[in-house]
Amino acid sequence: MPTALDNAMKSKNLILAFGGVVTAAAAWTILGSDMFPARPDPSGDPDSWTAEEMRRWLDAVRSFSHVLRIPSLWG
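Residue numbers for the sequence shown follow the numbering used here, beginning at 208 and rising by one.
Keep in mind that the hints are not guaranteed to be accurate.
For each label pair, taking beta carbons as the anchor points, the in silico distance ranges come out as [to be verified]:
(1) Ile-222 x Glu-260: 49 to 55 Å
(2) Glu-259 x Leu-223: 28 to 34 Å
(3) Trp-235 x Ala-215: 46 to 52 Å
(4) Thr-230 x Arg-269: 49 to 55 Å
(5) Arg-269 x Pro-247: 50 to 56 Å
(6) Met-242 x Leu-221: 28 to 34 Å
(7) Ser-240 x Glu-260: 21 to 27 Å
(8) Leu-212 x Leu-238: 53 to 59 Å
(9) Leu-223 x Leu-265: 49 to 55 Å
(10) Phe-225 x Thr-257: 45 to 51 Å
(11) Gly-227 x Thr-257: 45 to 51 Å
(12) Ala-211 x Ala-232: 53 to 59 Å
(13) Val-228 x Asp-254: 31 to 37 Å
(14) Ile-237 x Pro-209: 37 to 43 Å
No lab work stands behind these hints, which were simulated from the structure alone. C-beta atoms are modelled at their ideal positions from N, C-alpha and C, and glycine is treated no differently.
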(Lines of atoms letter the chains of each structure in order from A and count residues from 1; the text may use other names and numbers.)
(Lines give C-alpha, C1' and ligand atoms only; values in the text may rest on other atoms or scores of the structure.)
Protein backbone atom coordinates (compact mmCIF):
# COMPACT_ATOMS: atom_id res chain seq x y z
CA MET A 1 0.00 0.00 0.00
CA PRO A 2 1.64 3.27 -1.11
CA THR A 3 2.02 6.03 1.42
CA ALA A 4 1.48 9.73 0.86
CA LEU A 5 5.25 10.19 0.49
CA ASP A 6 5.39 7.49 -2.19
CA ASN A 7 2.59 9.16 -4.11
CA ALA A 8 4.29 12.56 -3.80
CA MET A 9 7.57 11.19 -5.13
CA LYS A 10 5.78 9.79 -8.18
CA SER A 11 4.20 13.13 -8.93
CA LYS A 12 5.77 15.06 -11.78
CA ASN A 13 4.44 18.30 -10.34
CA LEU A 14 6.68 17.98 -7.29
CA ILE A 15 9.73 17.36 -9.46
CA LEU A 16 8.88 20.34 -11.68
CA ALA A 17 8.32 22.55 -8.65
CA PHE A 18 11.68 21.52 -7.18
CA GLY A 19 13.39 22.21 -10.51
CA GLY A 20 11.72 25.62 -10.63
CA VAL A 21 12.94 26.47 -7.13
CA VAL A 22 16.50 25.43 -8.01
CA THR A 23 16.37 27.46 -11.24
CA ALA A 24 14.99 30.51 -9.44
CA ALA A 25 17.69 30.27 -6.76
CA ALA A 26 20.41 30.01 -9.40
CA ALA A 27 19.02 32.98 -11.35
CA TRP A 28 18.77 35.04 -8.15
CA THR A 29 22.38 34.25 -7.27
CA ILE A 30 23.73 35.00 -10.74
CA LEU A 31 21.69 38.10 -11.56
CA GLY A 32 21.32 39.48 -8.05
CA SER A 33 25.01 40.16 -7.56
CA ASP A 34 27.37 42.46 -9.41
CA MET A 35 28.64 40.60 -12.43
CA PHE A 36 31.27 43.25 -13.03
CA PRO A 37 32.03 44.93 -9.70
CA ALA A 38 33.21 48.52 -9.81
CA ARG A 39 36.90 49.17 -9.51
CA PRO A 40 38.03 50.87 -6.32
CA ASP A 41 38.81 54.56 -6.40
CA PRO A 42 42.46 55.32 -7.10
CA SER A 43 44.57 56.04 -4.06
CA GLY A 44 48.15 56.95 -3.38
CA ASP A 45 50.33 59.42 -5.21
CA PRO A 46 48.49 61.00 -8.19
CA ASP A 47 51.80 61.32 -10.04
CA SER A 48 51.94 57.53 -10.36
CA TRP A 49 48.33 57.11 -11.60
CA THR A 50 47.60 55.80 -15.05
CA ALA A 51 45.45 57.75 -17.49
CA GLU A 52 42.50 55.44 -16.73
CA GLU A 53 42.81 56.05 -12.98
CA MET A 54 42.87 59.82 -13.60
CA ARG A 55 39.73 59.58 -15.75
CA ARG A 56 37.92 57.56 -13.07
CA TRP A 57 38.88 60.07 -10.39
CA LEU A 58 37.79 63.04 -12.51
CA ASP A 59 34.47 61.32 -13.33
CA ALA A 60 33.89 60.68 -9.62
CA VAL A 61 34.67 64.30 -8.74
CA ARG A 62 32.40 65.60 -11.51
CA SER A 63 29.52 63.36 -10.44
CA PHE A 64 29.60 64.84 -6.92
CA SER A 65 30.35 68.43 -7.93
CA HIS A 66 26.72 69.48 -7.37
CA VAL A 67 26.91 68.21 -3.78
CA LEU A 68 30.29 69.73 -2.99
CA ARG A 69 29.66 72.90 -5.04
CA ILE A 70 32.91 72.52 -6.93
CA PRO A 71 32.92 74.46 -10.21
CA SER A 72 33.21 72.28 -13.25
CA LEU A 73 36.60 72.18 -14.93
CA TRP A 74 35.10 72.02 -18.43
CA GLY A 75 32.30 74.58 -18.18
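Original post:
Quick check: which numbered hints come out false for this structure?
Top reply: 2, 3, 4, 5, 8, 12, 13
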